[in-house]
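Asker: Chains as they are written, first to last, in the working numbering: chain G, 1 to 277; chain F, 1 to 277; chain Z, 1 to 277; chain X, 1 to 277.
Take the hints with a grain of salt, since some may be wrong.
[What the hints assert, rightly or not] Derived pair list, reagent style EDC-like, types lysine to aspartate or glutamate, alpha-carbon separation capped at 20 Å:
#1 Z:LYS187 / Z:GLU220
#2 X:LYS210 / G:GLU220
#3 G:LYS20 / X:ASP67
#4 G:LYS20 / G:ASP89
#5 Z:LYS210 / F:ASP227
Hints listed in this document are in silico derivations from the structure and should not be mistaken for laboratory results.
There are 4 protein chains.
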Amino acid sequence: MSTPAFADGATTTPVNERLKGYSYPLSARGVANLAPTPPWHYVGDVVGVEFWTTPAAAAASLPTGLDPDPASSGHGYALFIDWQFSASDNTYLDPVRSQYSEFLVLLDAVHKGSPVAWCPFIYVDNDEALARGWIQGFPKKIGAVHQTRAFGVPSQAGPVVGPGGRFGATLSSNGRQLAQAQVTLEKTAPTIPALGRPIVNLRHFPRLTKGQYENPAVHELTQSVLDTPQVAGTWTGTGELSFFPAQAEELADLAPQRTGAGFRGSLSYSVTDLIIL
Amino acid sequence: MSTPAFADGATTTPVNERLKGYSYPLSARGVANLAPTPPWHYVGDVVGVEFWTTPAAAAASLPTGLDPDPASSGHGYALFIDWQFSASDNTYLDPVRSQYSEFLVLLDAVHKGSPVAWCPFIYVDNDEALARGWIQGFPKKIGAVHQTRAFGVPSQAGPVVGPGGRFGATLSSNGRQLAQAQVTLEKTAPTIPALGRPIVNLRHFPRLTKGQYENPAVHELTQSVLDTPQVAGTWTGTGELSFFPAQAEELADLAPQRTGAGFRGSLSYSVTDLIIL
Amino acid sequence: MSTPAFADGATTTPVNERLKGYSYPLSARGVANLAPTPPWHYVGDVVGVEFWTTPAAAAASLPTGLDPDPASSGHGYALFIDWQFSASDNTYLDPVRSQYSEFLVLLDAVHKGSPVAWCPFIYVDNDEALARGWIQGFPKKIGAVHQTRAFGVPSQAGPVVGPGGRFGATLSSNGRQLAQAQVTLEKTAPTIPALGRPIVNLRHFPRLTKGQYENPAVHELTQSVLDTPQVAGTWTGTGELSFFPAQAEELADLAPQRTGAGFRGSLSYSVTDLIIL
Amino acid sequence: MSTPAFADGATTTPVNERLKGYSYPLSARGVANLAPTPPWHYVGDVVGVEFWTTPAAAAASLPTGLDPDPASSGHGYALFIDWQFSASDNTYLDPVRSQYSEFLVLLDAVHKGSPVAWCPFIYVDNDEALARGWIQGFPKKIGAVHQTRAFGVPSQAGPVVGPGGRFGATLSSNGRQLAQAQVTLEKTAPTIPALGRPIVNLRHFPRLTKGQYENPAVHELTQSVLDTPQVAGTWTGTGELSFFPAQAEELADLAPQRTGAGFRGSLSYSVTDLIIL
Chain G
1 MSTPAFADGA TTTPVNERLK GYSYPLSARG VANLAPTPPW HYVGDVVGVE FWTTPAAAAA
61 SLPTGLDPDP ASSGHGYALF IDWQFSASDN TYLDPVRSQY SEFLVLLDAV HKGSPVAWCP
121 FIYVDNDEAL ARGWIQGFPK KIGAVHQTRA FGVPSQAGPV VGPGGRFGAT LSSNGRQLAQ
181 AQVTLEKTAP TIPALGRPIV NLRHFPRLTK GQYENPAVHE LTQSVLDTPQ VAGTWTGTGE
241 LSFFPAQAEE LADLAPQRTG AGFRGSLSYS VTDLIIL
Chain F
1 MSTPAFADGA TTTPVNERLK GYSYPLSARG VANLAPTPPW HYVGDVVGVE FWTTPAAAAA
61 SLPTGLDPDP ASSGHGYALF IDWQFSASDN TYLDPVRSQY SEFLVLLDAV HKGSPVAWCP
121 FIYVDNDEAL ARGWIQGFPK KIGAVHQTRA FGVPSQAGPV VGPGGRFGAT LSSNGRQLAQ
181 AQVTLEKTAP TIPALGRPIV NLRHFPRLTK GQYENPAVHE LTQSVLDTPQ VAGTWTGTGE
241 LSFFPAQAEE LADLAPQRTG AGFRGSLSYS VTDLIIL
Chain Z
1 MSTPAFADGA TTTPVNERLK GYSYPLSARG VANLAPTPPW HYVGDVVGVE FWTTPAAAAA
61 SLPTGLDPDP ASSGHGYALF IDWQFSASDN TYLDPVRSQY SEFLVLLDAV HKGSPVAWCP
121 FIYVDNDEAL ARGWIQGFPK KIGAVHQTRA FGVPSQAGPV VGPGGRFGAT LSSNGRQLAQ
181 AQVTLEKTAP TIPALGRPIV NLRHFPRLTK GQYENPAVHE LTQSVLDTPQ VAGTWTGTGE
241 LSFFPAQAEE LADLAPQRTG AGFRGSLSYS VTDLIIL
Chain X
1 MSTPAFADGA TTTPVNERLK GYSYPLSARG VANLAPTPPW HYVGDVVGVE FWTTPAAAAA
61 SLPTGLDPDP ASSGHGYALF IDWQFSASDN TYLDPVRSQY SEFLVLLDAV HKGSPVAWCP
121 FIYVDNDEAL ARGWIQGFPK KIGAVHQTRA FGVPSQAGPV VGPGGRFGAT LSSNGRQLAQ
181 AQVTLEKTAP TIPALGRPIV NLRHFPRLTK GQYENPAVHE LTQSVLDTPQ VAGTWTGTGE
241 LSFFPAQAEE LADLAPQRTG AGFRGSLSYS VTDLIIL
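Please work from the sequences and hints to get the whole structure.
Answerer: See the structure below:
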């Protein structure tokens with residue numbers, strides 16, 4: 001690890017490593033790793049609810065380097081997403097690995113004067129998704145996330161994708177429900193409301209060496225880069241949202257005081273880069 | 001239990017029972033039961049592969065009362081279905097309970113001279129679905145079932161629903177993979193191939209009283225009744241299918257010798273009745 | 001099904017069936033069924049709490065044929081058990097199938113003047129255990145059950161099995177927490193408190209034929225028979241217990257008003273019989 | 001991140017961060033993080049099998065900086081461990097979070113001339129355990145791990161802890177079985193065979209910034225430090241072990257050529273430090 005360093009420690013030459021792969025576990029052939037080398041391709045269905053928590057709660061969730069957005073203090077979104085992932089090898093043909101469901105909160109914030117979205121909490125049901133998230137700075141935990149689906153045939157077992165169509169969504173972790181939402185569609189919309197701001201995360205990897213617990217090996221604000229984002233089928237309407245307290249969780253500290261739009265749509269993008277702020 | 005009896009033991013007056021509900025657990029308010037009183041509404045996406053196992057293997061899987069179909073000996077279908085269920089209370093708004101995934105095999109057979117489909121093995125990932133299945137005669141076990149999904153926005157993370165679109169599917173139970181399939185779409189089709197025959201099951205509920213293990217309390221061939229079935233978005237093409245052996249499983253005894261059509265489509269129906277044969 | 005019948009419809013000659021096995025799914029070789037022919041052997045660690053719910057709630061949970069116990073109205077036990085099961089084939093060597101965790105409530109009741117224990121709600125995390133339970137009359141649903149374990153080596157990561165040792169336990173289903181308990185040990189005890197009464201269940205299997213929803217095919221009170229029960233390592237002390245409400249659940253209707261003993265011990269028995277009351 | 005740096009980038013003053021916690025997710029109150037600040041206490045039951053893979057396979061699994069051990073080329077252990085974890089807050093009272101099961105392989109290797117154990121693959125069923133592992137350099141993936149348990153009461157549902165006692169164990173990930181073992185006990189032993197060498201890991205955290213995929217932010221050999229290790233109840237005997245191939249896995253590349261001792265015992269230790277090599 002003696003290569004020349006950038007300000008953030010980035011080396012200019014590849015690490016000298018016999019094992020292959022991008023992430024844990026590095027291995028002889030390089031196919032066992034949880035997150036392969038990008039590009040990473042994503043497509044998903046989103047059910048979301050706009051909400052306002054108290055400005056104090058929102059501010060308390062921000063890392064050093066981000067400030068509350070004075071124009072929209074306490075404003076944010078709760079998103080439930082059924083994702084399908086693929087690396088360059090058509091991972092989507094192995095759905096047991098490539099599909100996962102995600103819940104995240106995005107809160108309005110400001111970074112050096114620019115509006116951004118901050119993700120305090122995010123849950124997925126898949127270890128490959130958790131690994132990719134950590135590398136991006138998304139602080140993912142494992143949870144169980146479900147959203148009502150719409151199907152291409154009429155049925156009393158599913159909602160219409162149209163006026164009056166209702167979609168439920170839930171999050172639990174460790175067998176404790178953390179969030180519940182319901183969205184009622186009213187009209188089409190050109191895009192998914194929550195996507196208006198760049199997402200800023202706090203990439204973090206601790207040190208375990210005694211005396212250095214408070215000096216993480218990686219601790220840096222990052223900005224996500226979404227390549228070729230596309231949305232389709234977006235509907236908006238009304239939404240209900242509740243967060244519930246549980247051991248070792250702080251999501252309920254961001255309890256919604258009121259909700260705004262509920263919405264649903266489809267989304268795809270690729271990831272090949274990350275900006276270190 | 002002293003009410004008058006039909007030939008099959010059916011009583012003509014309701015059972016005298018203070019507890020409410022249709023299935024386990026009966027309870028004070030009748031809302032805790034796994035399967036509520038019908039109607040039961042279903043909507044799902046199907047990925048399936050037509051296959052031929054050996055005539056001997058197919059014949060060995062048939063219960064007394066069913067015979068091999070001489071016109072199509074060994075012919076059947078493997079179906080992977082992402083379901084959403086709803087009783088009359090819009091259960092679909094609670095997706096953690098109402099969604100489930102299913103794998104089943106249907107084999108051609110004959111009942112009293114009429115062509116039927118026999119389901120030797122079926123797996124779901126949800127106890128409410130297991131309970132409804134047992135009541136219908138579907139011999140459901142718990143398994144993990146996944147199929148590639150298509151989304152309403154272009155992406156390298158998902159297949160097109162069109163020529164060349166590929167969909168993978170897997171089944172495992174107890175952490176052991178039991179089946180794997182891949183379908184490549186070629187052209188649209190008017191219906192889902194596997195739905196041409198009525199499904200006949202063996203409804204069965206054992207006795208545990210010593211000396212009566214071989215005298216089940218319920219043991220009767222049944223014919224499923226699907227109300228208002230609808231299909232949409234069906235595509236057919238080619239399919240690959242493999243079954244794998246595992247402890248306490250016999251699915252691999254029906255190993256595909258060759259495959260026919262692969263297909264994908266959406267399906268809905270309701271259930272309110274069952275014919276006892 | 002035209003064989004001579006007992007009062008309860010039991011036949012005197014074995015059913016004429018080509019397929020083999022005891023429970024779903026019957027099959028060519030008879031090894032795929034969820035519950036094989038008894039004997040069924042069980043061994044487990046129990047964490048339990050004695051409690052009193054309101055007499056009204058306890059009475060409302062009783063099926064026709066059982067009455068409240070006037071001597072102990074509202075009294076019962078909540079049990080969390082880490083089980084290992086084996087049929088006659090040493091199933092315990094395949095722990096992914098043979099191990100499971102269980103939560104159940106037992107309430108004092110009276111059957112024809114005799115004290116019995118009634119199980120209104122029970123949850124397991126394994127489909128083979130669910131199948132065996134249904135056959136016995138236990139109205140099992142799938143849940144996630146966990147209890148603190150003790151180990152044979154000192155550690156700050158586990159309690160002592162001795163005075164002051166504390167054990168936690170939780171139940172959730174569909175990602176919603178339904179019960180939580182904590183037990184603090186004080187002194188050894190000769191047996192596990194909850195085992196003093198025979199367990200009476202309501203064995204039940206519905207009919208789906210239209211017009212017969214209220215005439216279940218099987219609906220009978222049963223009494224469990226535990227062969228060669230053995231207990232060891234029992235400690236008693238104090239206990240805390242909470243039930244939490246959730247969609248499609250009624251456990252919280254039996255909310256503890258106060259608790260009595262907390263306890264922990266090991267238990268084994270076999271099952272080969274069931275008494276139909 | 002402009003604090004003075006060690007050779008490896010370690011800072012001498014704590015990072016300036018308003019959010020609290022040790023690992024993802026940092027938060028307002030610091031209780032939501034997956035891995036809290038050490039100490040971390042562990043206690044578990046181990047079922048293990050000594051084995052030899054080919055020297056070539058073992059050598060190919062080693063990272064730069066480790067070499068094959070010429071004295072024991074290809075030699076290693078497969079361990080299945082049922083763990084209970086606790087931080088300083090008695091986490092063991094919340095068993096849904098604190099209990100987990102683990103599978104790992106340890107292979108003999110040499111670091112700068114000293115014998116060490118290298119862990120190429122490790123699986124757990126709990127995200128908190130995964131997070132702690134990554135911080136230590138253990139390349140954990142999510143898997144399902146089960147081992148036969150012994151209980152403190154005689155039963156046909158469990159093995160004796162004594163001569164002839166048999167214990168099975170399995171690993172699967174993504175519904176595919178990756179490993180299976182069986183151990184037969186013969187005699188007591190003073191310690192658990194696999195613990196004779198210090199464990200060396202490759203701590204690794206990638207970069208996602210374009211152009212820097214091959215320059216991980218963290219990439220360093222580490223040596224685990226186990227505080228106050230204790231073992232008890234160790235028995236050794238014979239063992240069987242199989243690895244199975246699966247998509248995106250390389251465990252089967254280390255297929256056992258022959259096995260040595262099988263063993264079982266209990267183990268506890270604490271973790272408060274990590275040596276960077």
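Asker: Now tell me if each hint is right for this structure.
Answerer: Verification of the hints:
no., hint, in the structure
1, Z:LYS187 / Z:GLU220, "violated (40 Å)"
2, X:LYS210 / G:GLU220, "holds (16 Å)"
3, G:LYS20 / X:ASP67, "holds (16 Å)"
4, G:LYS20 / G:ASP89, "holds (17 Å)"
5, Z:LYS210 / F:ASP227, "holds (12 Å)"
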